[in-house]
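Student: Hints given; two lone chains; assemble the complex.
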Amino acid sequence: MKIQLPTGWRDWAGKYGVGLALAVIVVIAALSVPGFFTRGNITTVLLHVSVNAVLALGMTFVIVTAGIDLSVGSVLGLAGVLVAGTITSAGVLSTFGVVGATVLAVLVGIGTGAAIGLANGAVIAYLRVAPFMVTLAAMTMARGAARLFTGGVPIGFPARGDPHFDLKVEGLDALHLIGGGRIPVPGLPRGFPVPALVMILLVVVGVFVLSRTRFGRHVYAVGGNEEAARLSGVPTRRIKLGVYVISGACAGIASVLMVGQLRSGGPDAGLLYELNAIAAAVIGGASLFGGLGTAWGALIGALLIGVLNNSLDLLGVQSFWQEISKGAIILLAVLFDVWTKRNGTGNA
Amino acid sequence: MSLLSLRGITKRYPGVTALDAVDLDVEAGAVHALIGENGAGKSTLLKVIAGATQPDEGSLLAEGTPVSIKTPRDALRRGITVIYQELALVPYLGADANIFLGMEPAHGGLLDRRGMWRLAGEALRSLGLTIDPSTPAARLSVAQQQLVELARALVRDARLIALDEPTATLTPHEVDHLFKQVQRLKGQGVGIIFVSHRLDEVRSIADTVTVLRDGERVWTGRASEKSDADLIRAMVGRAVEYERQPPGRAPEERPLLEVRNLTRTPRFHDISFTLRRGEIVGLAGLVGAGRTDVARALGGVDRWDSGELWLGGQPYRPRAPRDAIARGVVYFPEDRKRDGLILGMLVRENVTLPVLRQVSRAGVVRRDAEGEMAQEAVEGVDLRPPEIERGVRTLSGGNQQKVVLAKGLLAHADVLVFDEPTRGVDVGAKVELHRQIRALADQGKAVLVISSELPEILALADRVVVLREGHLAGELDRAGVTAERLMTLAVSTT
Chain A
0 MKIQLPTGWR DWAGKYGVGL ALAVIVVIAA LSVPGFFTRG NITTVLLHVS VNAVLALGMT
60 FVIVTAGIDL SVGSVLGLAG VLVAGTITSA GVLSTFGVVG ATVLAVLVGI GTGAAIGLAN
120 GAVIAYLRVA PFMVTLAAMT MARGAARLFT GGVPIGFPAR GDPHFDLKVE GLDALHLIGG
180 GRIPVPGLPR GFPVPALVMI LLVVVGVFVL SRTRFGRHVY AVGGNEEAAR LSGVPTRRIK
240 LGVYVISGAC AGIASVLMVG QLRSGGPDAG LLYELNAIAA AVIGGASLFG GLGTAWGALI
300 GALLIGVLNN SLDLLGVQSF WQEISKGAII LLAVLFDVWT KRNGTGNA
Chain B
0 MSLLSLRGIT KRYPGVTALD AVDLDVEAGA VHALIGENGA GKSTLLKVIA GATQPDEGSL
60 LAEGTPVSIK TPRDALRRGI TVIYQELALV PYLGADANIF LGMEPAHGGL LDRRGMWRLA
120 GEALRSLGLT IDPSTPAARL SVAQQQLVEL ARALVRDARL IALDEPTATL TPHEVDHLFK
180 QVQRLKGQGV GIIFVSHRLD EVRSIADTVT VLRDGERVWT GRASEKSDAD LIRAMVGRAV
240 EYERQPPGRA PEERPLLEVR NLTRTPRFHD ISFTLRRGEI VGLAGLVGAG RTDVARALGG
300 VDRWDSGELW LGGQPYRPRA PRDAIARGVV YFPEDRKRDG LILGMLVREN VTLPVLRQVS
360 RAGVVRRDAE GEMAQEAVEG VDLRPPEIER GVRTLSGGNQ QKVVLAKGLL AHADVLVFDE
420 PTRGVDVGAK VELHRQIRAL ADQGKAVLVI SSELPEILAL ADRVVVLREG HLAGELDRAG
480 VTAERLMTLA VSTT
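Protein chains in written order, with numbering that gives the first Met the number 0: chain A, 0 to 347; chain B, 0 to 493.
Excised from the complex, chain B in its bound form (with noise of 0.2 Å):
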């Protein structure tokens, strides 16, 4: 009788389909892995176990009996413990305290902060952390913190822990502590699921793999029965597939903007490659390799700590993201509602900001001539309709991307670097705005493209620098470029 089992769950977004009724069975004493590229769904199983978000369809059975997680409370009830990727202690209390947060000891009302301590303490030493346990999370490594969060699930008495990329930001050596800690909690006859993007640690630790792929199981089984190759041939396999966006002129022998053995530890390391223009280059990886920090070094958001820009055969060093646009290099963020657009200022304000010096005199902007260019901005990106006296907020999310690309032309940048030019919008507007970058390549621009989705790096890429964990993996020209090669540089195989 496994302890947990999952039936036919599906969960459907706006959209997407983000589980397509998906089997999962966890037994005790066993370490289930799994895998899959960016948005294959691993996330959303997670949540549904945890009672963060609750199933559309689908049934959950614990030891056989059905049973429905609709909190994370109920979940903690069940012995079911999630540990995210993004560590959820609450930085100003001691260990101890987030250990017990939500379930303190408590005689009359008064904290039990003696029994707190001592228990804390003997569940961080019997997994060989000897810390206080006063000791607040904010001066923790990650590595610490992580076993803070087993401690947390151990006092609770788990008998399920899943365990989000858990190796994603530790050292070889806090890894292998880690997986001694997993391997011992396995043999307490915890059932332990395991996120990851590294084959070689699914096959060290794993019993049993499943392989997800657009919301849907493709293959569960023992890792040794497949080659890295197959394990990735699972997980690329594609039913989504975009218009191939050609190229409509031959790139500049030239680079424009050439990166050289760029760093910023611990995020990024010795990351090498050109833009020239007339060419879309994608920046490929799995979350968490370093892409946005890249780029985000390359528009002047982020500084670095060695290595060199060099644009139009000249030094580039870019202050702040004013300084990288003097120079005619735009950075689009990731987060357009976050960090790319004002919502509660108009089309035509947010279309003009990076540029409002052109169309002022002595400080005053002109109306008229405002206006004229945001007007001509919009329609150049096929805004529909074209108004530019509307709040951005009213927009569709397509729309609201639209805006966000009015604003790159009429920066009259050189270089371009979008990261994640499409999220969260829908299909046709997705192919409506590869359209459109490919013509600002074709203009002459240099474009840079980060996207979590092979399928659009295919449709729009003409070369492919890939990342992982912070290193340059390789470089994909269009001729070499598959999702399985693609997949299999991303990826950290044995």
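For reference, chain A alone in the conformation it holds in the complex (with noise of 0.2 Å):
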């Protein structure tokens, strides 16, 4: 049997659905899962999900280009290691001071994962090798690089006995200002964290620059037909550089996230992230053929996934089938995104 619904209606779906399918698990967790729907237990979500949300956004870009970034997961963890090592030198320290030294960690950061986006979008655009094959590449080496930096053991709380014990954890204390750090807020009684405030901001200029911005109409243009772009005069080649730089970017801003947080850089950190950022992104209804997805699609997908983690762990699941759960979820999205878009709006 064939259920036809009006166009209109798909479209909304096709718009609105994954907000949607958030609210209403939200709802049932609500109602369902003791302890969920509690003050805490909601900023302890927005928490978890910063650093994947984040890396979504950047994904979000490039996906919408029809490419792909498998490179964030590592290029986490070795800005990661780079953020960490620029924290906890004395050197560093003594010569710019804390508030210095921390400034210059978070640029560190930023500036990595910039760099290898620059590097990655380079190639992919102007020597014009897949994207997939580009990022594979930078992945696998970014985490050779954070091995080798650190000798294979993480970088961060200080040894007994250092010289610069006082000094460094100072320095650490800094920075998880930004990873851990809580803002009070009247009737939170923790505060609202740091890192989920930075992550609603990356999103709210990640939607204005998607939706308003010159450069955003052609991100959208090259994903959604490159060739035609090109003769309308858009700077294709540049774009594509830029969501990879933007995407790498948003790996450096995670990964100073996350150190701040644990106050260590671990060479493994960041393992397999890529693939929840995709999870997220598609979830949130990019699509990898490039030309669809917004930012606050990102936000939601990172959402949804967090928050169904969240639900399961509340009721003593076992992680396994957390697994399993998520796998399932991103078949769904794409199953409805399919349903969405098939006979929608006449043919391809």
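Heads up, some of the hints might be wrong.
Part of the chain A face toward chain B, derived, beta carbon under 7 Å [unchecked claim]:
#1 R38
#2 A220
#3 R229
Covered stretches of chain A, going by a simulated chain B footprint (3 or more residues, C-beta under 8 Å) [unchecked claim]:
#4 83 to 95
#5 203 to 214
What the hints contain is simulated information worked out from the structure, not anything from laboratory work.
In this text, a Cβ means the ideal position worked out from N, Cα and C, and glycines have one as well.
Tutor: See below:
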């Protein structure tokens, strides 16, 4: 049997369906999961999804151009150990002071990510190599570099007897204000987590850039039809370069949040995070064929995964089941995507 | 008894009758040439024979017995091979593997590679091609690939081979060789269908000639019965005619765009012409004559090897469409769905894409200004309904093409290059688009229109530049342009 729904409904579902799905899951969780719908738990969910949401935001820019960035997890790892190395460097701390070192550490994180993104983008846009392969190579190299830099052990809390013990702890504490800090909010006993705030700010910026700027319009144009965009005068190569820089920079920001939170940068941090980011972006409505996707969608996709994990945690469900359910959600999201687009608005 | 006979074959596509009750007889051991201008129905006819499409009416007879050819496999089984202009070899497979593709000899599921290599080598040698049969197709020249396709027909014991414009991309020497092979196959009793634009070749090789025009068979007979002029007249006599769009103003004297000796080997050579404000120039020629390649060079889409472009008295060397647009030259591609529009975007977003800078401040798009601009543009081209917040995908072909036109209006371009602006659009919408294009010229733009439809060129152009096989064949002004003269320039005659 074939169910016929008006086209308008389908379009509406395609646009808001994921948001609706999130709302439904939140309501179900609120009703049936004890401890879910408390102020403390909600802020915890926001804190936990922030790293993935930031990665998914950058990933959305890339996916909208019909690209993919497999390197973000490793970039997070490499940027993270460099951030940790900077903030625990006695030389840096004593030269620039704690505040200066913190600023420098943040810049190192973002800069590392952006630089790798630039390299990825340059090879993809100007040498015309497939994004999958370029970023797969970058992923492998960045992971190797992170392990090389650390000798395989995390950089973080100083050993007892370290001559600069106090200074280094001071540095880590300063960075922790970004990764683990709480902003006092009336009614929230533990305050609002800084990473969640960073995430929300970045998403707002992302929404603005994608929907209101010329660059954003060009991102959609390149993903929708690269040749038509080129013939219309869109600098397609520069746009492609740009989205990989954004994705890399997002991975850098995510590394700062993570190192700050954990007070440590591990060489294996961010392992497989690229897949979570892709999942969030796609659940949020980004199409791997390009031309579709929003910054809100990235946030909603990340939240959906986060809420689900959190609920299953609270219910005491094994983490293995969480993986299975996450996989099922991804599959559902993609099926939903196919359904809303099929026959909806004519042939391709 | 003919090898293959077509009786009353009719094939309709939405809006056009590609074949209209066509009869054709192909005899064993004879070459039957098919000629006709673009869109006359030659390709459709080949598709019917090859089983790639089904006729709506009519029947096929093999040696007098009715047959049905439903799939390409049916055709092959009946000994019919069609060799298309776009050769159909798998680039990374060897010539031998290509020759036996789909009928690989095997023992118990294992490929007989040695046998394939040997048999392919024999077939290729019999066609005068001495290469290692395992050479990948991608490393062979076009002429060699053609012989590989012929060898494929041979190992299948083909009794009828159709060649679709086989000489279009060959050197004279290669043409000689190909013709020798065709003669030899003919001597072995194979029936040949030979599609060509070159009357001299048709005269030299064909036993019988059939002229198609607008899907109808106009004439069949011996080539020697008619002069070149008669054949051309048979090809262009016309049923369709569009309302002529007369210019509303005289063109400027001074040329705006000058094309001087433009060359891009092997696509076009030594092309020179000028475009002036207020004038529509038609760029005519048969498919494959290099029209699109020249147009793409003007629009900065492709580079060229030598020659010069001058725009408003200044040298003009666009390195990308962006440069061209910045200098006021816009190229509108042939395939609007593939290259012209972003189907997933709204009308507004498509229309303003080339000019987004004009409605942005500090990189931020000003929605109000953008909407106003898009609204004005779609009203200017009479898009119906003039809704800008609508997906381009949902529009009809004619309306999509209007969106493309609206883009051009906004680009504030001085030079507009339209490649097949009305392809796939119904007749009413065509005339409407013609009117819009004329209006652009009357506004003082210099317009170049490529069209495969002679009537369209005749209705629109003030001057026609004709290309033939990558060379400038001539230029006709309004007073001197007729379908026959145009066609005489476009086809190669002795």
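Student: Run every hint past the structure and note whether it holds.
Tutor: Comparing the hints with the structure gives:
Annotation: interface hint on R38/A violated; nearest CB of chain B at approximately 36 Å, more than 7 Å. The closest approach between the C-beta of A220/A and any C-beta of chain B is roughly 6 Å, which is under the 7 Å cut-off, so the hint is satisfied. Because the closest C-beta pair between R229/A and chain B is about 6 Å apart, less than 7 Å, the hint holds. Coverage of the stretch 83 to 95 of chain A by chain B is violated. Counting CB-CB distances below 8 Å, 0 residues qualify, and the rule asks for three or more.
Closer than 8 Å: that is the beta-carbon criterion, and the stretch 203 to 214 of chain A has 4 residues meeting it against chain B, so the requirement of 3 holds.
In summary, the numbered hints that this structure violates are 1, 4.
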